[in-house]
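2 protein chains.
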Amino acid sequence: MWERIANQVSIVGIGLLGGSIALGIRQKGFGGKIIGVARKPDTLGVALEAGQIDVGTSDLGEGVYGSDLIILATPVNTIIRQIGELGDLADPQAVITDVGSTKASIVTAAEERLVNPGRFVGAHPMAGGEASGPAAARADLFRGRPVVLTPTSETREEALGRVRRLYEKLEMKILEMTPTVHDVKVARVSHLPHALAVALVSLADTSGSMDLASSGFGDISRLAEGHPDIWTDIFLDNDKQVVSAIDQFLTELCGIKTLIESGDREALGSMLAKLATLRQAWRKAKAYDEQDSESDQGRI
Amino acid sequence: MWERIANQVSIVGIGLLGGSIALGIRQKGFGGKIIGVARKPDTLGVALEAGQIDVGTSDLGEGVYGSDLIILATPVNTIIRQIGELGDLADPQAVITDVGSTKASIVTAAEERLVNPGRFVGAHPMAGGEASGPAAARADLFRGRPVVLTPTSETREEALGRVRRLYEKLEMKILEMTPTVHDVKVARVSHLPHALAVALVSLADTSGSMDLASSGFGDISRLAEGHPDIWTDIFLDNDKQVVSAIDQFLTELCGIKTLIESGDREALGSMLAKLATLRQAWRKAKAYDEQDSESDQGRI
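Read top to bottom, the protein sequences are chains A and B. Just so we're aligned, residue 1 is where the first sequence starts under the working numbering, counting upward by one. Just so we're aligned, residue 1 is where the second sequence starts under the working numbering, counting upward by one.
Bound-form chain A, shown alone (with noise of 0.2 Å):
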């Protein structure tokens, strides 16, 4: 089965997905080398200790070396430097796919930078948390979350389907969609509440409210320790669509307010009720999906 994934996979960038990733592929059986590829020698270090990598460089030509899957999996406008460079440096006949958050860019600079576009599949699984590194990868990281898969005209069918049989050996639930729909409906499900969890600290802490906050201030606060470089990359990459997910919150957050400031208890009463169902269903259909991935089961 593997021999129709990949038998040699390079990683570019070991931190948490990176890492997570290694340690997937290889709890599921994969049997074939795995290059790691980062900047520093001690993040190497930490993917060679944990049985993560086989091998590690930061030379990135070296890297790719001779494998046939090349998994970019470093901050969004490190990827798309890197697929710059790659279309020198890696096999033609390899299959390349990375793992950032964002898909539009990524996949406009696959297309026009590297030799083979046909060959580039953009993927987005969507897990993760506040930690980062490789210390902090788990090999069932990914088991019953999401991954959007971004083909597009170009996008040669072999190729997304040995980037899909990889997603389906982590266990994740495969999702297909234009790059541009997927970076619309991130900006509103994942970059969105990270504003609003920056913003939310601020205001606690501009007003002095700090000491107070318990644990719905510690809910909706938690993605702000989220990493502030990889968190700059994402909002600038994904600007438009951020901006306009904060627009579109504004006007629901407006109504919210007018609600509130009519006095109106009884249309007030039953949006919070037709909300708070829907948000259970959603919990429901997650938890049905994700048994064993951390849920907000014991939190409800």
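No lab work stands behind these hints, which were simulated from the structure alone.
Copies of the same chain are indistinguishable here, so a pair counts whether it falls within one copy or spans any two.
Heads up, simulated SDA-like pairs for lysine to any residue below, C-alpha to C-alpha not over 25 Å straight-line:
{"no.": "1", "residue 1": "K284", "residue 2": "G133"}
{"no.": "2", "residue 1": "K240", "residue 2": "G255"}
{"no.": "3", "residue 1": "K240", "residue 2": "L250"}
{"no.": "4", "residue 1": "K40", "residue 2": "E266"}
{"no.": "5", "residue 1": "K274", "residue 2": "S262"}
{"no.": "6", "residue 1": "K240", "residue 2": "E252"}
Given chain A's structure and the hints, the job is docking chain B onto it.
Relative to chain A, chain B alone:
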């Protein structure tokens, strides 16, 4: 020690909070009678079976008769109504306290309506969660969490001392401030977060983005499952402070939006870094306070 707190306790409203106070004081060795007051016989049945209360009644007068400590644990607007009724029903020497999420309107009602307002102590034990009802009650619900006491110039020191000792028994972190300062702060760290969760679920739904919702959305939207009636009460009772908190939040969020639009990588990055550090500091201080309570442990 308990004789310096109460000989007989009436808990009016046997939900998550009322039931947990009953279980908590029993676990901490309170030997006197605990009377539960609830509208629904089913509620009283659950609380009696769970050993939360010794006697149950749906009649307020019967329920507070002979008690020297009366704890109002109903929704905010019900607390205000019951304060009016207690004027005639409660022993003038009884200490009356409440667990309402807002304080100014409740304390004002107490000072206007009670025979002996000096024996009323406004309190807000800050614990709970999405679950509600006596079946969700836990003896350790409050451990390590903050409780805000809101005495005024009218409040008798002896009454304040008894309520303070009650919450010390439940291992809560006691804070004192005016009712208005409490309402300003909770609007920002508790009521606003609830509004954000609700607005996000609404946006995710209307924009058709729920299929990509993952753990980040889960964190930020969890509060939206809170009890609609309870939250309608809170929003409408603390409406002025909630509206001003929403206005301040809109300003914070627009600031982030402007930074993203400006594309100023350095300014955005340093803001995210500063707020990540603030959030970490808050979590570490909080985790230190609440080793045993639901904290972020294991999620970060």
